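Q: In case you want the letters, here they are:
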Amino acid sequence: MSDADRDAVRAVKRGDREAFAGLVRAYQGRLFGLVLMMMRDRAAAEEVTQDAFVRAFTRLDMYDERRPFYPWIATIAVRLAQNELVARGRVIRREGAPLDAAPEPAVEGRGQAALSDLVDDERRRVLWKEVAALSSGERTSVLLYYRDEMPVGDIARALGVTAGTIKTLLFRARRRLRERLAAIGFGQEHSR
Amino acid sequence: MTCAHVLGLIDAGPFAGYPPEHLDAAFDHARACPTCGPALAVSHAVDVDVAALPQVAAPPDLEKAVMARIARLEDPVAVPTTDRAWTAGAVIAGAIAAAVAFAIELSVAWKWLAPRPDTVLALFVVSLLMYSAGLFAPLAGRRRSLRED
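So the sequence lines, in the order shown, correspond to chains A and B.
With my numbering applied, the first sequence corresponds to residues 1 to 192, in that order.
With my numbering applied, the second sequence corresponds to residues 1 to 149, in that order.
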């Protein structure tokens, strides 16, 4: 945990609400991006991100200051997003559609469009789309491991599964990305 | 060493559970192989580029919204007093309704009273409505507080 984060958390515990605003500013983009990639729905992602910060604030006394702050709040956000996705699955099941056919929010929906808009480089835009097309577990694991640099153990805790499951998800994701991207000539410039 | 095995090792990345010399041999094979070579290049590119994917900009008012919700949590005045009064009133009404219904039932059963059937029916309906209101009021209050959380 960075000294700034530790100081902020201690200040919040002493009642300094503005210090928590600093933590929100520091991590909102990273956390929102993660939740958006999980949920693929901008409005839902915003709601869950807010919920995660509010829950972190109310449970700050349970936070271990020796550990980094981001994995802790990411765990909260991931679980809230999972609950929301499960609730959506239940609604779809109640309405009679088979769960396997339950559409996640459309890949070409607002969330995806927002992500693609960020990327002016066509090559990365392609990569974003392929990452977004992975299963929810694979997608979340890839982002937490590669982009957020969280250890496998922390990702496993966040997703409520074993470290072995995370390794399997990462293996499948890497294979899927490799196969899809190889088919369109991605990465050839790295081999030259 | 087959290409299928080497491709598996490429996909396993840092989690390939083999001794270093085995992995070195596999990657030597990959670099010289027309099937595994491109796969190794793509896999490397994916590792590098996923790590470098840009952060998403959070919605501009997210921080403000979070801090407003936290302020409401810490400020009990934020919960409308009319809501709390309504909930408490409904619970009391439900309790009174249950007591009245019970007393009427006992009186009729022990023949202390002989009310007309339509009076009994009207009392029963009114009591049932009050009881229902008292029964569901706490749930309504809980839903409101969850929305505010």
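No lab work stands behind these hints, which were simulated from the structure alone.
These numbers come from a predicted model, not from an experiment.
We put the CB at the ideal spot given by N, CA and C, even for glycine.
Misleading hints may appear alongside valid ones.
[Unchecked claim] Footprint (simulated), chain B over chain A, 3 or more residues, beta carbon under 8 Å:
no., segment
1, 4-15
2, 60-72
3, 75-89
4, 135-149
5, 174-186
[To be verified] Have a look at the derived ranges for each label pair, beta carbon to beta carbon:
no., chain 1, residue 1, chain 2, residue 2, range
6, A, 64, B, 68, 37 to 43 Å
7, B, 25, A, 55, 20 to 26 Å
8, A, 133, B, 126, 58 to 64 Å
9, B, 25, A, 160, 34 to 40 Å
10, B, 118, A, 55, 52 to 58 Å
11, B, 2, A, 60, 21 to 27 Å
12, A, 58, B, 110, 41 to 47 Å
13, A, 65, B, 20, 49 to 55 Å
14, A, 151, B, 19, 20 to 26 Å
15, B, 1, A, 89, 22 to 28 Å
16, B, 31, A, 15, 41 to 47 Å
17, B, 31, A, 14, 53 to 59 Å
Q: So which of those numbered hints doesn't the model satisfy?
A: Hint check: 1, 2, 3, 6, 7, 11, 12, 13, 15 and 16 fail, others pass.
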